[in-house]
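Novice: With the hints as extra help, turn the sequences into a complete structure.
Protein chains in written order, with numbering that gives the first Met the number 0: chain C, 0 to 136; chain U, 0 to 388.
Treat each hint with caution, since some may be false.
Beyond 10 Å from chain U on every Cβ pair, some chain C residues (computed) [to be verified]: (1) Glu-20; (2) His-25; (3) Gln-31; (4) Cys-49; (5) His-51; (6) Ser-67; (7) Glu-94; (8) Glu-104; (9) Asn-117; (10) Phe-120; (11) Lys-136.
Not everything, but these chain C residues come out facing chain U in the computed CB check (under 7 Å) [as the list claims (entries may be wrong)]: (12) Tyr-37; (13) Val-70; (14) Ile-71; (15) Ser-100; (16) Val-103.
Calculated directly from the structure, the hints in this document are not laboratory data.
Just so you know, even glycine gets a beta-carbon here, dropped at the ideal spot from N, CA and C.
Single-letter residue listing:
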Amino acid sequence: MADHSGKNFPTPTKETAPYWEGCRNHQLVIQQCPKCEYYQFYPRMMCTHCSHGYMDWVTVSGNGRVISFTVIRRPISPAYKAEAPYVVALIKLDEGPTMMSNIVECEPEKVFIGMKVNVVFEDWSEDISIPKFVPQK
Amino acid sequence: MNSLNGKVAIVGAADTEVGVVPHMGATQLCVDAALRALDDAGINKEQVDGLITCNSMAEPYMYHAEAIAEYMQIFPRYCLGVGTGGGTTFSVLHHAASAIATGVCDTVLITMADSLHSGLSKEQAMAMQASTGHQQFEIPYGPTVPAFYALAGQAHMAEYGTTPEQFAAIAVACRKHANLNPAAQKREIITVEDVLNSRMIADPLHLLDCSLISDGGSAVVLTSAERAADFKSPPVYLLGVGEGHSHEHISQARNLTTSAAAESGQRAYDMAGVGPSDIDVAQIYDCFTPTVLIELEDLGFCEKGEGGAFVENGNVELGGSLPVNTHGGLLSHCHPGNPGSMFALTEAVAQLRHQAGGRQVKDANISLVHGQGGILSSHTTLILGRDKH
Ligand SMILES: [Zn+2]
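Specialist: The following block contains the structure:
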């Protein structure tokens with residue numbers, strides 16, 4: 000495992016634990032409404048589409064496309080120095096929701112809006128794996 | 000109709016020294032701004048029965064407004080300290096106006112200050128930056144504050160063909176105005192080339208597309224339109240105010256290129272009974288250049304997608320069809336964080352009093368002031384007038 004110490008580790012909550020457990024298993028697990036079938040991200044105790052009070056957890060494709068991105072030239076902190084310049088992007092999943100992530104295994108200059116990407120997982124510790132995206136082959 | 004239009008007036012407005020002010024702390028700047036605004040209004044502190052402040056990063060208090068009241072030994076019956084700035088600054092003006100109109104209090108002092116340039120350690124500044132964004136779903140990816148706004152700028156470029164030169168034109172206009180403002184932190188004229196040649200921070204934002212880091216404070220005094228005549232300075236009336244709130248985190252935005260300024264603006268126009276073509280001078284929140292461009296479109300000064308063409312031919316400069324940020328804005332006048340929007344407000348007052356000196360917009364009668372905060376999250380639009388209408 001590469002050294003990720005000092006990075007801004009997420010702190011899972013009761014509400015988000017199934018998502019992070021999915022990430023640890025290298026699966027993108029998000030919420031879907033059993034009533035209206037709406038997919039949502041991030042996890043919540045309600046459906047934001049129909050207000051249904053319970054959401055199912057489902058494994059999704061991990062495919063999406065870049066809807067915007069930027070290249071960070073000066074890292075947020077020394078722990079991110081090794082990967083600078085790095086791409087912070089918004090990815091719209093094929094199932095609908097948008098999430099922030101990094102585009103990796105790709106020159107920053109090659110990233111474009113509309114680019115098709117799919118999820119990969121970066122292991123930061125025993126408990127935390129972070130979903131990132133790579134260009135679709 | 001039960002509307003705030005014409006019911007409340009700004010009767011005092013003043014800024015502290017701004018820019019790099021190492022000889023004063025954030026609390027002192029807050030009180031200094033208050034004293035200057037009271038002096039401008041021609042009243043003493045005993046006449047203030049409402050106080051609103053925003054918290055300071057450099058010298059925070061759990062109950063900030065109470066701390067300032069205690070410091071000044073004033074004893075308000077309406078007292079509120081808010082934790083954020085940007086659009087919130089004008090949201091609290093909305094609250095204060097509502098409180099005055101409903102008789103909750105008579106005279107409200109809004110004073111805000113911070114010392115982000117001189118009062119924070121480098122570690123505090125980095126920690127502040129790293130605290131912006133969703134702890135689980137954004138921050139792990141290492142975004143910076145400029146990066147969040149860059150995502151909106153980049154999306155606008157892809158969707159509408161907006162160019163870095165067009166974003167740069169906004170920074171150039173603000174600097175041109177700051178050059179005419181002796182109080183501004185950055186006054187040397189810059190060109191589009193200077194902006195494009197400055198260091199890339201987060202594509203497409205160059206260093207000169209980003210606002211300043213400053214010390215400073217600013218305050219206003221509000222009272223009812225009936226009482227306004229008793230004050231020393233000519234009143235500036237609140238004609239319209241509207242808010243729009245769409246998200247906190249940029250990854251949850253409904254749309255990257257259209258903000259809730261469209262809603263706040265329409266609500267303010269409706270209350271004031273005016274439209275974009277009636278505005279003589281505008282102060283538009285300019286933390287980063289794309290913010291201004293998107294807001295100009297959402298506030299109806301040009302069609303969606305035409306902001307780039309609107310700003311590149313001098314429309315937003317003094318002498319243009321809509322002078323914007325005539326004090327120099329956050330990009331060139333000063334940006335002490337939470338209080339940032341206040342300087343746009345005091346500039347609007349100066350313009351409407353026809354006291355803006357070398358940067359005065361001739362015959363300015365109606366001004367629009369727009370604040371936003373978060374990441375294009377929370378928006379409030381004010382429309383102010385020299386007359387009640
Ligand atoms: Zn539902």
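Novice: Hint by hint, note whether the structure agrees.
Specialist: To see whether the hints hold, each was checked on the structure:
For Glu-20 (chain C), the non-interface assignment is confirmed: its Cβ lies about 13 Å from the closest Cβ of chain U, beyond the 10 Å cut-off. For His-25 (chain C), the requirement that its beta carbon stay farther than 10 Å from each beta carbon of chain U is met, with the minimum near 16 Å. Residue-level check passed: Gln-31 (chain C) sits 18 Å from the nearest beta carbon of chain U, beyond 10 Å. Look at Cys-49 (chain C): its CB is around 17 Å from the nearest CB on chain U, clear of 10 Å, so calling it non-interface holds up.
Every beta carbon of chain U lies more than 10 Å from that of His-51 (chain C), the smallest distance being close to 19 Å; the non-interface claim holds. With a cut of 10 Å on Cβ distances, Ser-67 (chain C) falls inside the contact zone with chain U, its closest approach being about 4 Å. Its beta-carbon lying about 15 Å from the closest one in chain U, Glu-94 (chain C) satisfies the requirement of being farther than 10 Å from that chain. At roughly 15 Å, the least C-beta separation between Glu-104 (chain C) and chain U is larger than 10 Å, which holds for a residue marked as non-interface.
The claim that Asn-117 (chain C) is not at the interface with chain U holds, since no C-beta of that chain comes within 10 Å of its own (minimum 17 Å). For Phe-120 (chain C), the condition that its CB be more than 10 Å from all CB atoms of chain U holds, with the nearest at approximately 13 Å. At roughly 23 Å from the closest C-beta of chain U, the C-beta of Lys-136 (chain C) stays outside 10 Å, upholding its exclusion from the interface. A cut of 7 Å between beta carbons decides the hint on Tyr-37 (chain C): the least distance to chain U is about 15 Å, and the hint is violated.
The restraint placing Val-70 (chain C) at the interface with chain U holds, with a minimum CB-CB distance near 5 Å, inside the 7 Å limit. Because the smallest distance between the Cβ of Ile-71 (chain C) and any Cβ of chain U comes to about 6 Å, under 7 Å, the interface hint for this residue holds. Nearest Cβ of chain U to the Cβ of Ser-100 (chain C): about 6 Å, under the 7 Å cut. The hint holds. Taking 7 Å as the C-beta cut-off, the interface hint given for Val-103 (chain C) is violated, the closest approach to chain U being about 10 Å.
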